[in-house]
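Chains as they are written, first to last, in this note's numbering: chain H, 126 to 266; chain U, 1306 to 1817.
I should point out that these hints are in silico values taken from the structure, not numbers from a laboratory.
Glycine residues also receive a C-beta, built at the ideal position from the N, C-alpha and C atoms.
Don't take every hint at face value.
Residues of chain H clear of chain U, computed beta-carbon distances all greater than 12 Å [claimed, not checked]:
(1) 178
(2) 186
(3) 220
(4) 222
(5) 225
(6) 227
(7) 228
(8) 240
(9) 246
(10) 247
(11) 256
(12) 258
(13) 263
Capping the alpha-carbon separation at 20 Å, the derived lysine to aspartate or glutamate pairs in EDC-like fashion look like this [stated by the list, open to error]:
(14) U:1658 - U:1639
(15) H:262 - U:1352
(16) H:211 - H:256
(17) H:262 - U:1760
(18) U:1307 - U:1337
(19) U:1657 - U:1760
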Amino acid sequence: MKQQSFCFQNAVRLWRIRLTAVFVLLAALCAVLILLFGTPALVVPLFLIPGYGFLLLYYIPAYFRRFSWTVQDGILTTASGIWWQKARSIPLNAVQFMVIHRTPLSSWLGIFSLSLHLTGGAVLLPALAGEDLNRLKGALS
Amino acid sequence: MKWRRTHPLTMIQFLFRYLYVLLLPVIKSLLELPFHPRPFSGFWLWELAAAALIVLLAAVRWLRIQWRMEPRGLTIRQGLFFQRETHIPFGRISSADVERPLWLACFGAARLMADTPAKSRGDADLTLILKKELAFSLASRLCRKSFPADGRRRDKRPLQYASYRTGILSLIAMSVTSSNAAAGLLLAVPVVNHLGQVLGEELTRHIYDAVDAAANLFARLLPPIAALLTALLLAGWLYSFCRTLMRSARLSACRRGSLVTVRGGLILPRHSVVSVPLTGAVDLQQGLVLRAFSLTSAYLVCSGYGKQKGEHAVLIPAASEQRMQELLCSLLPELTPQQMDSPDLRPVRPPKKALRRYLFWPVVMTAVSAALCLLFYRYCPQLSFLLSTLVMALFVPCVWGFLFCTLGYSRAQVRLDATHCVIGCMSRLKSHLLLVPRSQIRSVTLSRHPFQVDDDLCDVSFLLFGAGRQRFTVKNLSRCEITALFEQNGLPYDASAFGVSQKEEDFHAGSH
């Protein structure tokens, strides 16, 4: 069985919303720092804004573009990483149990994350659509 | 397949961390109000509001926990905003414990804790508070490989059945040797303080006064600081001993099919189900005291079993070697080589020249202790009355070290045949003899430090399924002998530390 579907746009949207929420909190904190310490605190936004732009426009889309997973002959293979690429092959019968993580926002977008617990650690699949999740759950059972 | 809720007492579990800090003081002040009316203050109202909010959140969290049995496994759903759904297939659970602490037993509830070989470091992989009968039946069902919908067995082979009940003397022997003064103190102090908060400060003061009285008694023989330390360590050891004895009293083990059920406990009964196919090894442990009486204790190396704080993964508390062999052959024949002294199990032991390496640290300790005593005598003549105490305090551990390292040398070994491996090593101040089926060995690694090169010795480390990250290392074995043993028996090993290419095989969890 080969699974190739992957909800790219919704996953990117989800992580952009999360990043923006964190950015807003940090921006509020910066504003407080500027009010308290004046001009020297302006250094913080000089790093914060480009960092936000980099993550929003390049890193998040690139990460999910490079992330993929397939299940074939009882082996789950994942590939991830932008500059340092990593591929993992996991026999499905090595998975001890799995945990599905969801929040109200991710449920609304139809995206879930799945962590597979093995004897040597855990593997995280950060974004799966609902259909893919059910198919993978069936394959693991 | 309906979603079911856990027992309402699950809410208490969420409230534990706030119990002594906020909830009990608020409840106490509410109960006192009719008898000692006082004007409402803003601070007290805030406390009341905070307590009410915490209780409300705990109730909402409990309402959000649901579980159900599916054809292929168990699914648990929990969480309010950050929701988690955990799915555990049948046959992946290596051990399931059912505990009935007093506060649950009063309401007919029990806590089910189950672990898989994934062995998370913190809590169990699965924790549910359920009705007592449901918890017991779920523990057995989870550990079985498959559970047909109609409940009938498909496998027609006769069920393996054996049982064992321990005697009081072997329990006392195990409790004496496995009690730890420091651990006892760590467990005892919070319990004493919490008792004081619940039952009144008088009780705490009485307990501390008892320790002071013991210290005063010892002060007739020892200097005051040593007397206080002795009293504290004795109190800690006594608490640990009583706790171990009560937790293991009436210990019995029963084998039925592929499950071993261990029951025990006096005031806090415990019921554990262990899956034999997912058990890594049987660990026969022996300290100096048990060695003196020719007794051994048997523990199970199984993910989750004995994981809780203050618990021991004990199967047989103490028995002679012959009796131990008989019990293990009846309870766990898959994990026990039929004849441990068989000539087929050719052992590799440390050579005679390795004895000095085993005794190295006790010799260093003795030399350092002697130097300290000499320096003390030379530069602190006004404290010469403390010298005898200092000598005893320093040299008793040295003698213990010599005896223990000699025991470790005599028990160190690796035996291998087609199906089993026997590993003898020292770890955590005890001598271990592990009986391991070959299929449960995750990896074997050979390593050596520069001081072993001349004598061509090496250390062999075994990683087992069910033991998590704990390695069992046999030190100072002859490299030629051990590599010949592994190659003759077809056991792959990793000797990359030697810089020589060796045959390797990835054992990974794939074989399970």
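Now for the hints, and whether the structure bears them out:
no. : hint            : result
1   : 178             : holds (28 Å)
2   : 186             : holds (25 Å)
3   : 220             : violated (8 Å)
4   : 222             : violated (4 Å)
5   : 225             : violated (4 Å)
6   : 227             : violated (5 Å)
7   : 228             : violated (6 Å)
8   : 240             : violated (9 Å)
9   : 246             : violated (8 Å)
10  : 247             : violated (8 Å)
11  : 256             : holds (16 Å)
12  : 258             : violated (10 Å)
13  : 263             : violated (9 Å)
14  : U:1658 - U:1639 : violated (36 Å)
15  : H:262 - U:1352  : violated (46 Å)
16  : H:211 - H:256   : violated (25 Å)
17  : H:262 - U:1760  : violated (54 Å)
18  : U:1307 - U:1337 : violated (45 Å)
19  : U:1657 - U:1760 : holds (11 Å)
Against the hints set out earlier in the document, violations occur for numbers 3, 4, 5, 6, 7, 8, 9, 10, 12, 13, 14, 15, 16, 17 and 18.
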